[in-house]
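Colleague: This is what each chain is made of:
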Amino acid sequence: MSKLILSLEGQVIREIELNKERVTIGRKPHNDIQIENLAVSGEHATITTILNDSFLEDLDSTNGTLVNGSPVKKHVLQNGDVIEIGKFRLEYLNPQASQEAPDFERTMIMRSPMAGAPKAAPPDFSKTSIEKQPLVVEKPLQPPPQAPHAAPQAPAKEPAAAPEPTVRSAVIQVLSGANTGKELELTKSLTSLGKPGVQVAVIAKRPHGYFITHVQGASFPLVNGQALDNQPRALNEHDIIELAGIKMEFFYK
Amino acid sequence: MSLGQELGSALEIVKLTDPGMVRSHNEDSVGIDAEYGFVILADGMGGYNAGEVASGMTVAMLSDNLKAALRDGHRDMQALAHEEIQKTNGAIFQTAQSQPQYNGMGTTLVLALFRDNRITVAHIGDSRLYRLRGEQFEQVTRDHSLLQEQIDSGMITREDARHSHNKNLVTRALGVEATVEIEVHEYPAAPGDLFLLCSDGLNDMVTDEDIQLTLGLMGANLEMAAQQLIQMANDNGGRDNVSVILVRVTGDFAEKRGWFTRLLNWFGQ
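These protein sequence lines map, in sequence, to chains A and B. Read in order, the letters of the first sequence correspond to residues 1 to 253 in the numbering used here. Read in order, the letters of the second sequence correspond to residues 1 to 269 in the numbering used here.
If we strip away everything but chain A, and leave its shape as in the complex, we get (with noise of 0.2 Å):
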């Protein structure tokens, strides 16, 4: 289950579990999360809960809320999110994003509550638009994660978004025809060289590397004087490329 961790100057307070679809922070005692200080408003947020995610909103607080420093006025915490009401801060952590969850990007069908007990589900849905039945994660059949089952190798991966390429920049230098001189940065993960429809390779940016691949055209690019062939090349500093009689030059930046 989600938690807060409510800290003022560096000093924990206490923990709030996250355990009702609607959680209320302000100075007034009717709050879950009652904050008695003159910088936080009657009632200040909100944080919604749906499942595995969950949404922090201000309610046009007269000082505002922030989160990583930043001011927010609806939000979708991640993982190790700080949300600041006045001189308190709160840390949002989910253990979803950050176990070993192989079974995490498992497609899941919602059930109606005949289909089994609900594990951590809200009790009220009204708020969403989902009118048909209330919704329960049926959980898959397999035990937990630590037992041995299916995904034998999978490494401690988060399963937050794409991780970012490590790969460094490159460029390619034309050094021939027309546009002598001239550098093309490969910034995106598939660059195209050549005349579409006519000769056409194009350049891969992966974790390990850049790779060139002839796509389309009756002759095949060269690299180093020699003709590619179907498969994928990997290129190396220097490396020279000729396409459809230009020359050209790859290195890193």
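Only pairs whose alpha carbons sit at most 27 Å apart, straight line, appear in this in silico DSSO-like list of lysine-lysine:
hint, chain 1, residue 1, chain 2, residue 2
1, A, K73, A, K20
2, A, K188, B, K15
3, A, K205, B, K15
4, A, K74, A, K3
5, A, K28, A, K73
6, A, K28, A, K87
To be clear, the hints were calculated from the coordinates, so they are not data collected in a lab. These figures come from a predicted structure and were not determined experimentally.
Chain A is already provided as a structure; the job is to place chain B on it using the hints.
Modeller: Here is chain B on its own, set in the frame of chain A:
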């Protein structure tokens, strides 16, 4: 029936499926038939190998039944899709009820039928159909998922959805109940169109921009484009099974009509 000649030469189709980098089983199934003009993609779910069973059964059963129906001269593609998918749903559901290890199994589905310069698309769940027409790349199907419902209601943005922890929760699936609600639409299909069917193993790992870039640059070589898409998904983590089907419309495939019907059509009847 002469439909084989027209369709087979008007459609270029390629399929590719991969378990990805993390999973040991591949629970996606894909099926294609250029002659009869249909493609099917299914992403199965359920414990142990039930997902494989659900998606495999779906592709096999639909392929057989669609071929038989088309040979028999069925003309209404939307009705055909509804009928055959509902039948398939029944079969999966029965199987799921009859064996404890298949209990609760299900699958997503995208089915595309090509006939008379049109594409009929039926889908259930969060596997998708995209279309590239010239420079325009669009997601044609709308996911039946919790995230999509949240986007539709304005609760979250598309950008938020990329960072959601609620990915892969579908609100509809084939085989999980006695009857299923199928979404079916028909669109014109023109020469030059490139259709992509894919499981969420692709669009969860690769951005729409990169998918469009790949199809735009490598669309002339469908096999290569398919390999590139799968490679990108795996390079970005490959956390799920990934499948793609690419269909390129290379020519006109209008239904042959008698001269009188053509005359009436010309007058707008």
